[in-house]
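Could you build all of it, start to finish, from the sequences and the hints given here?
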Amino acid sequence: MGLFNRPRKKNEVEVLIEGYLNTVTLCCDSFHHSMQEYFSTGLLTDEFMRYERQTHQFESEGDDRRHALEEMMYEKGLIPQSRGDIMALLEAMDHVPDQMEAVVQTIYTEAIQLPANYRERFTKLTALNVETVQKSVALFLLFLRGERNVRESVRHIDQVESQSDRLERELVYGIFRDPQIRDVEKLILRNLIVVLGRISDEAEDFAELVGVCAVKRLF
Amino acid sequence: MWLYLSSSVFMGWSLGANDAANVFGTAVSAQVIRWLKAAVLSAVFILAGAMLEGTKGIQTLGSLASQDTFQAFITMLAAALCVALMTTLKLPVSTSQAVVGAMIGVGLVIGEPIRWGVLRKIVICWLGTPVGAAVLAFGLYYVFSFALGRMHLNLFTYDTFVRRCLIIFGVYGAYSLGANNVANVTGVFYQTGTISMRTACLLGGCSMALGVLTFSKNVMLTVGQGVVPLEGFGALVTVVASAVTVHVYAWVGVPVSSSQAIVGAVIGVAFVKSVRLIDRRMLGRIFFGWVTTPVLTAVFAAGLMLVCRAGFGI
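Here the protein sequences line up with chains A and B, keeping their order. Residues 150 to 368 in the numbering used here are what the first sequence spells out, letter by letter. Residues 6 to 319 in the numbering used here are what the second sequence spells out, letter by letter.
In case anyone wonders, no lab produced these hints; they're calculated from the structure.
When the alpha-carbon atoms are kept at most 20 Å apart in a straight line, the in silico EDC-like pairs for lysine to aspartate or glutamate are as follows: (1) A/365 with A/296; (2) A/365 with A/354; (3) A/365 with A/301; (4) A/365 with B/236; (5) B/42 with A/224.
Being a predicted model, the structure only gives us computed values, none of them experimental.
Right, here's the structure in full:
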């Protein structure tokens, strides 16, 4: 067994990063549940409100964990390259839960009424965006483990983000040509689509940054 | 005797204070190791290098020209003052070249013949220091890359590996520095017969260690970042390559510049990535240092010797 293949004690920073990523996953699950609830009823039910609060809670918890991580990274004396990469990745990843929180808050504050015939496509759009978040969390772990298949995961996230973009355009196209929706509602729905689609945009930005950091480490 | 030797102690102190940054500057400025630990490790291993492997360089430098104790004092004083002046003016300076330049300057004034064969060997080694370090760094980069690439290291394991290696090779660099550069501190006095080889190694090593312990903090913190503007892996390769280069010249028995070794190693790593990354100003500074340091110190030492002759009739 080689010197570096032995089961090793986890670095404190590594444990905190895994905790942070777990919080992002929980935030993503709450977001997904809240959206499923909203799309199934089209209303701001108590269940939706409960998940909306949870999404906000996990987003705040993620912020706290990130700040603790930043402090620890200076105390634990990582080399500047590793510290710089991790800090940049954490900052990029942090935009994702922010965006998920923004979506549920937009729905709540604007009390958006979703037309029943668009629910299915909104559900699909949400699923695509949630997939990019889940893939981003997995990608972060792959990068930390020094795995070689980082590039494939980056490409996959990029593909899902492109699918999301296409669906966003189709939705906006359809909504603005739908005579049954009032003009003001069209603008509100377009805003919701844009805010929702930004989740995969942020995930794609994060994935690209992971790709750059991985290339820097290629020997 | 101790008054004369004070110029050597001053030179050793200045050398230790400045050149420890070449071996531990990267690790200290990257917060891999605290300055105090780095300084203590440097001091201990510089002394060990001087005591265990410093004799060859002392013999080579001593054989360059014959001087009496006063002439040796003027040589070391001129070299030390020139190094201090050029460091203050932020000009690139090598203590090895300063000492040799001063020996030539004093030799020309007193009419003592210079052993040109020895000088040729020394100059070839000066040229070979950055070139050798660059070639070694170039090769080591590929060897280490291949080895690390096969290990599939976790980011944190990789980080720990680089940090530990920076400390281990910093220690090795300090040992090489002591082994190679102790000749610059006491080599001139050894050939006068004022001190024994053992005393030359001990005094040289101790004065360099004193310089590290008392005055290297700011140099390590500020110069360390400037000398090796590379990511962790590249910095590690440069530290290893320069330490090995300086150690090889300690075996050869010629004192060389650790600063020029590390700059050469940086250029070697830059060659791996892209030739365009090489800083032409850096190359210019090495060339400037090669030419100006021995010439300036030779002129300064000759002038000082002439003043002493005119003033004191020595």
